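Visitor: These are the residues of each chain, in order.
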Amino acid sequence: MKALMSVGALVGAIALLLLVGMILDVVPSNTVRLVEGYMPIQMLLEVACFVAGFTGLSYMLSSMGMAVPRFWQGIGFWAFVLLYLKFRVYPPIPFSVRAMYGTVSLVAVFMWVSANEDDWKKFKQPIMNVLDAQSGANKMLRYAYLVLIPVLVGFTSFNAMRPKSEEPVELRTVHPAPPASTKVHGKTYTLQTSQNPYRVNPEGKFDQEYSNKLIVEQGMGRLMAPNANPFDEKNQGYLKYVKEGGEIFFQNCHFCHGDNLNGRGLHAFAFNPIPANFTDPGTIAQLQETFIFWRVAKGGIGLPNEGFPWASVMPPWEQHLTVDEIWKVILFEYWHTGYYPRTWD
Amino acid sequence: MGLVTRKKVFSIMALCAMVGLLLFPVVVSLPSLAIGADAPDAAKKEDAKVEKGRDVYYKTEGIVVGAPAPKTVDGPKDYPRYNFESRVLLWFANQQHLYYGSFVLAVPIFCMVVEFMGVVTKDKALAKRYDQLAYDFIKISLTAYSLTAVLGGILIFTFLTLYPAFFGYLSSIFRPVMHIYALMFVAESGTLYIYYYGWDKMKEGFLKWIHLSMSVILNIIGTLLMFLANSWIGFMMSPAGVDEQGRFLGNIWHVLHTALWNPLNLHRILGNMAFGGGVVAAYAAYKFLASKTDEDRAHYDWMGYIAMALGVAFLIPLPFAGYWLMREVYAYRQQMGITLMGGLLAWLFIIQATMIGILFLSTNYYLWQAMGRMRGAEKYQRYIKYLVFILACGYLVFITPHTMVMTPAELKAMGGQQHPVLGNYGVMSAKNGGINVIITTTVLSFVWYMRGNKVSTVSWSKFGNIFMGCFFFFAYVNIIGLAIYGYYIPANVRVGLSVPQVATTLSCLFFMFALNSVMMKGAKQMGAIEWGKISARSQYALIMLATAFTWMMGLMGYIRSSVRLFWHVNEIMRDNSPWAYTHTVGFAANMISFNVLFFWISILFVFWLGSLAAKKVPAGEKAGVPGSAPQPAGSH
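Those protein sequences? They're chains A and B, same order as listed.
Going by the numbering used here, the first residue of the first sequence is number 1, and it counts up by one from there.
Going by the numbering used here, the first residue of the second sequence is number 1001, and it counts up by one from there.
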């Protein structure tokens, strides 16, 4: 047990040193890389390692007679969560999300320190000591709080009310509900039943399974099936259409959506908001092809009311591309990102 | 005829009368059910003029027997109004009626369960306590019942006076159903009063069983009532039994049995039960905090625990029922599903996730606090911090929005709408994992609580403990593994992954509870549960549980209703009032908070009325001896 705790303490100490380095900007925040494709679970595992490390440290310090009071354990852990989110995770997390995480962590710390009566008493003790102010130091602290707390509240209020020049936050609806049907080049397409006519097998029939096997590996960009390179001139059917879609993409779309389809094209940062990132699992990966067809055809100007404030400069591509070209470019987007379009069967 | 025999005969007659009351509305309505109003008669007379229509949902043909849905225009004829937004008035009246309706439908089910536990329990003192508890429950609901009826009246008047065209259309479609509903309400009232006033007269032996049977009838009537009311909102969301113009096609079953009726029914039953449990638990918590004697504290501590346990028992399957409802919504209209989960109303779902998390966190916290009143549970205390960590991680994943609220500067710094790390938590695969982790942890907390003051004496206890530990460990691995795997497969397959995840969670619930019960049979007691010796914080957790549930009910009701957007009846009858727009999130949140506040203030009044009646009961007649409080069957 002691050996296990020692390992934990070691992990905790190293992790804390790294974090402090990141906070002081001595250690770059990507020293331990967040690996593409594994980032979400990596973050949770990292936090779990920190927790294990803190348990080990706490155990070791107690064994050495230098136990950290429960009050400071609670405050310290909460501070750690805030600092981890601010300095370790990159790119920076928006304040609204950090505030949510900070609140949940505070609640979690409260649940931990008050889970039983003994712990709660230990946690409260320093607060009660200051409130009772039986010693000189506590008396001084109490006076300090008497001044500091109103000042802090005043400053926070002032800061909140102070006129700012930055743009306000927006609650954008990124995926507004599509219409039941859309009319493109004089033909009406029912979104729930239409299919990409180029998602076909060698026999020329619509085949989702067939095309699913020929895409690249998600996040890695490697071919999933050998000899499934769409840029092979001999290709026919699905892969040929992917190539044609790719040509259309690089002639029209990549300036904004990027040559890696990650929304970081040449002009991307001239726009606000920047173009959609197709490699994110929350964009095309969770939409039907017909949804993409509708959005590409109608562009930002064709967003429905709920898409307010229409913050999109996406052109209505039906004015520049044929229906076939739109379907092919969609085929390419799914192939390149490695995602499967959503189906409703 | 002896007194006892006469009592038996009367009680059987009363039971038969209740069954009669239950069947009466159905029998009365049978002719209209069978023939679909007077359609065939009209058809015979004017055979040449028969017009047929196609059912918008069932796609069957039927004879048109109703008028088309009115095309309303904004004006005093279709939308008479005060100098105020009519929709908000309706919202308020509807929400209050729903709160009270849910409460008075849920509490009799609790009564039935608790009374049954009292009847089958061999320990006489405990049986008496259960019986008293059930009686306390029904007493609270009786005052609330009158208020429910009053609020129902207010709701109908609000509809009639502010939305006459819409209500006229709805009542023309549901004419027979509304009459059955009214008759069922009479049956419910009659049954409830006989059940309540017959309590003392039927408290022993055979008569008690008759009394218990009455509660079954009462609950059947109540549940049917709710099903009928659900059919109206089901029709408004996913109409059936009418053609494209909204003309009734003569088949009332089609109108009732819409695409969303069954999932709504299930979701509401479970929701009502969890809500009812929460309200009663909050009542007990309030009484506990106000108690001046150990005896009272012990009683209300126990009452709070039972109500919480019953409520949480229905809270656990509630997310799965909600999942089924959403699945059916998507199947019915994908636009509706996207509007709810990914579009206009998606932010409200993030708030909903936050509230669900609060419910489970409060439950866990209460259970940990409750372990403090039993000796021997200390051995679990030091592991609670790990449960907190698991719960917090599951919760954080569950509430992470896919599209974050941020300033344009933050957006640019982040490099896109979705955060490359946290954005992944915003999709369904991760959220399914998050909520299942939370529920599984709640099950684990319950298992710890149930074995808190006991040590298993079965010969295979060591093996049993290892097995349970492994079961939970692999359950977590399976749930999290499937959540990760969900990112690498097509969306339609991913949706199916929720089934093994839910199955894992439910396996933990059923198998581990069952195994734990077997292991703890004849277990060595480390000490009795000291009812009343629980921290005040636990009671605040119960109040938090109830408040969060009330708020969530208001929120979900609003989401379900506003998903129709600018339709009174989806795709059939358009809302042409000036208020056919979706409120801002802030306005909706304020309105929900106002409804919650009003409900709690009014229910406190109901509790106060109940306490006035209680004060008349001589102290000596109080049941149970809390000092030697037996352990309720529900806790172990």
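Think of the hints as simulated: they come from the structure by calculation, not from any bench.
Note that the structure is predicted; figures quoted are calculated from it, not measured.
Be a bit skeptical, because a hint or two may be false.
[To be verified] Partner residues aside, some chain B positions facing chain A, computed with beta carbon under 8 Å: (1) V1113; (2) F1116; (3) Y1196; (4) W1199; (5) K1201; (6) A1346; (7) T1403; (8) V1405; (9) M1406; (10) K1412; (11) A1413; (12) G1426; (13) A1430; (14) L1482; (15) Y1487; (16) I1559.
[To be verified] In silico PhoX-like links for lysine-lysine, alpha-carbon gap of 25 Å or less: (17) K1385/B to K121/A; (18) K1385/B to K86/A; (19) K121/A to K1412/B; (20) K124/A to K1122/B; (21) K1379/B to K121/A; (22) K1385/B to K2/A; (23) K205/A to K164/A.
In this text, a Cβ means the ideal position worked out from N, Cα and C, and glycines have one as well.
Visitor: Does the closest beta carbon of chain A sit nearer than 8 Å to the beta carbon of A1346/B?
Guide: Holds, about 7 Å.
Visitor: Given V1113/B as an interface hint, is the shortest Cβ-Cβ distance to chain A below 8 Å?
Guide: violated, 30 Å
Visitor: Does K1379/B pair with K121/A here, judged by a C-alpha cut-off of 25 Å?
Guide: Given pair K1379/B, K121/A holds - Cα atoms ~19 Å apart, limit 25 Å.
Visitor: With a cut-off of 25 Å on the C-alpha distance, tell me whether K1385/B and K86/A pass.
Guide: holds, 24 Å
Visitor: A closest beta-carbon separation below 8 Å is what the hint needs, so does L1482/B meet it against chain A?
Guide: Violated, about 13 Å.
Visitor: Mind checking the CB of K1412/B against every CB in chain A and telling me if the closest is under 8 Å?
Guide: Holds, about 7 Å.
Visitor: With a cut-off of 8 Å on the beta carbons, see whether A1430/B makes it to chain A.
Guide: holds, 7 Å
Visitor: Would you check the hint for K205/A and K164/A, treating anything up to 25 Å between C-alpha atoms as holding?
Guide: Distance of about 58 Å is beyond 25 Å: violated.
Visitor: Can the restraint linking K1385/B and K2/A be considered satisfied, given a maximum Cα separation of 25 Å?
Guide: holds, 19 Å
Visitor: At a threshold of 8 Å, is the proposed contact between Y1487/B and chain A supported by beta-carbon distances?
Guide: Interface hint status for Y1487/B: holds (6 Å vs cutoff 8 Å).
Visitor: Check the hint pairing K124/A with K1122/B against an upper bound of 25 Å on the C-alpha distance.
Guide: violated, 45 Å
Visitor: Verify the interface restraint on F1116/B: the C-beta must sit less than 8 Å from at least one C-beta of chain A.
Guide: violated, 34 Å
In this structure, the earlier hints numbered 1, 2, 3, 4, 5, 14, 16, 19, 20 and 23 are contradicted, and the remaining ones agree with it.
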